[in-house]
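Could you build the full structure based on these sequences and the hints that come with them?
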Amino acid sequence: MRRLLVLVSLAACTALTIALALAVLVAAESAVVSELPQQLAASLGRSGVEHPTTAVLLNFRSYDTLLEIGVLVIAGMSGISLASTRSLEDPALRSSDVLLYALQRWFVPLMLLLAAYLLWAGSHRPGGAFQAGAVLAATGVLMRLGGLPMAFIRPGVLLRLGLVLGFAVFLLVAIASALAGEAFLAYPPGMAGGLILAIETVLTLSIGMILLALFVAAPVSAEHEPEEGGGS
Amino acid sequence: MSPDLLYALAGVGLCGIGLAGFLLLDHLLRRLLAFNLLGSGVFLVLVGLAQHRGGPDPVPQALVLTGIVVAIAATALAIVLIRRYFHLTGRTSLADAGDGQS
Amino acid sequence: MSWLLDGLLIVSLLVTAVAVLLSRDLFRAVVMFMAFGLLMALAWVRLQAPDIALAEAAIGAGLTGVLLLDAVSHFQRGRLREQPPGEEG
Chain C
1 MRRLLVLVSL
11 AACTALTIAL
21 ALAVLVAAES
31 AVVSELPQQL
41 AASLGRSGVE
51 HPTTAVLLNF
61 RSYDTLLEIG
71 VLVIAGMSGI
81 SLASTRSLED
91 PALRSSDVLL
101 YALQRWFVPL
111 MLLLAAYLLW
121 AGSHRPGGAF
131 QAGAVLAATG
141 VLMRLGGLPM
151 AFIRPGVLLR
161 LGLVLGFAVF
171 LLVAIASALA
181 GEAFLAYPPG
191 MAGGLILAIE
201 TVLTLSIGMI
211 LLALFVAAPV
221 SAEHEPEEGG
231 GS
Chain B
1001 MSPDLLYALA
1011 GVGLCGIGLA
1021 GFLLLDHLLR
1031 RLLAFNLLGS
1041 GVFLVLVGLA
1051 QHRGGPDPVP
1061 QALVLTGIVV
1071 AIAATALAIV
1081 LIRRYFHLTG
1091 RTSLADAGDG
1101 QS
Chain D
2001 MSWLLDGLLI
2011 VSLLVTAVAV
2021 LLSRDLFRAV
2031 VMFMAFGLLM
2041 ALAWVRLQAP
2051 DIALAEAAIG
2061 AGLTGVLLLD
2071 AVSHFQRGRL
2081 REQPPGEEG
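Residue numbers (the working numbering), protein chains in the order written: chain C, 1 to 232; chain B, 1001 to 1102; chain D, 2001 to 2089.
Mixed in with the good hints there might be a few duds.
[Claimed, not checked] Which stretches of chain B does chain D cover? Using the computed rule of at least three CB atoms under 8 Å from a CB of chain D, they are: (1) 1007-1021; (2) 1037-1045; (3) 1055-1069; (4) 1080-1092.
[What the hints assert, rightly or not] Covered stretches of chain C, as calculated for chain B (at least 3 residues, CB under 8 Å): (5) 6-17; (6) 203-216.
To be clear, the hints were calculated from the coordinates, so they are not data collected in a lab.
Here a beta-carbon is modelled for each residue, glycine too, at the ideal position from N, C-alpha and C.
Quick look at the structure:
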């Protein structure tokens, strides 16, 4: 019975893959050539940044990015509400390895510097808020795994504030621009560059915080939880 | 046939592999991996197909960048949920008793 | 030459993807997945998408790998502490 089910599923997957491949080939043969790159290059001067991908992300299609950070905030919120996060650092993980500690003291500032560079580079070359946020989250994960003290980020008010900061500032800019008579999320002319950099900075902080919070929320060690062995 | 189209077809292959894994594997973490493979395949199809004729196109690239960040958030949330499930039930698969395996 | 590179990259992408799903050990599957993430980063470079390549290298190989490895070690520790119930194989 189960073997039959496996065979049927495999056959269905193969059929679907072949159909998808044919669809891709047909779509590739169609004569319609996208003019998006040309349009983008023509209006890049108005966007306030020089790198096309950043311009698309934070100016031309900023609606997508706004909703994306909204999704991230929801994911982060549901993550931290599943586990009681008393502190971002885990005393059980604190390592006594001298070499690891020394290495980390070099690595953490370097990675923070890398995140800042990526954020700054986003306006004119590959880089930007997402990559910088990922590096920031990786720094936090490294600090947590190596047991560096992170008491300055208290969960509770500060963590929650950090989670929503990016979304809140982004939404505020959008609403302000809508109230000022422009379209929703259309930056006022002349201020686009500064606004994009400001939004990217808070986005980086928020993305880093959300990913780190989701990482910290994951451990459910039986020793700390009262309902140990429950269910089963 | 440009290299971009080749990558789009590789993306189709990844979609198939990921879908088969998602349907057939029992372990929840493996299903999550398969789901990520499926997502990567979709991203490859999106960018490869869009760049097949016109050369590098920042618009689908930006959309895929957004998609990758959403995918990692979803993966992290799924890991939190799977670990919670493991903590509460001691099992790592949704399968009925008898064919749970890793 | 570039065709050879693309072909090799694609074949190794597909092979690592299959290896992720078929490897018996969960730990090995996660390591394969990290290798897959790095290969994807290379593929994005070949597709002239340096932004995605950066994000994929930081996220796909680094962050996801750490998260998954943490989860795998958690499962294995859980297995060792309490003997698995009867239905777990």
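The stretch 1037-1045 of chain B covered by chain D? Criterion: 3 or more residues, Cβ-Cβ distance below 8 Å.
holds (count 4)
With a cut-off of 8 Å between beta carbons, are at least three residues of the stretch 1080-1092 of chain B near chain D?
n = 7 at 8 Å, threshold three: holds.
With a cut-off of 8 Å between beta carbons, are at least three residues of the stretch 1055-1069 of chain B near chain D?
It holds: at least three residues are needed, and the stretch 1055-1069 of chain B offers 8 whose Cβ sits within less than 8 Å of chain D.
Are 3 or more residues of the stretch 1007-1021 of chain B near chain D, judged by a Cβ distance of less than 8 Å?
As far as the stretch 1007-1021 of chain B goes, the hint holds, because 8 residues have Cβ atoms under 8 Å from chain D.
Can you take a look at whether the stretch 203-216 of chain C is actually covered by chain B? Rule is 3+ residues, C-beta closer than 8 Å.
holds (count 5)
Given as covered by chain B, does the stretch 6-17 of chain C meet the bar of three residues or more with CB within less than 8 Å?
holds (count 7)
Every hint, counting from the list given before, is met by this structure.
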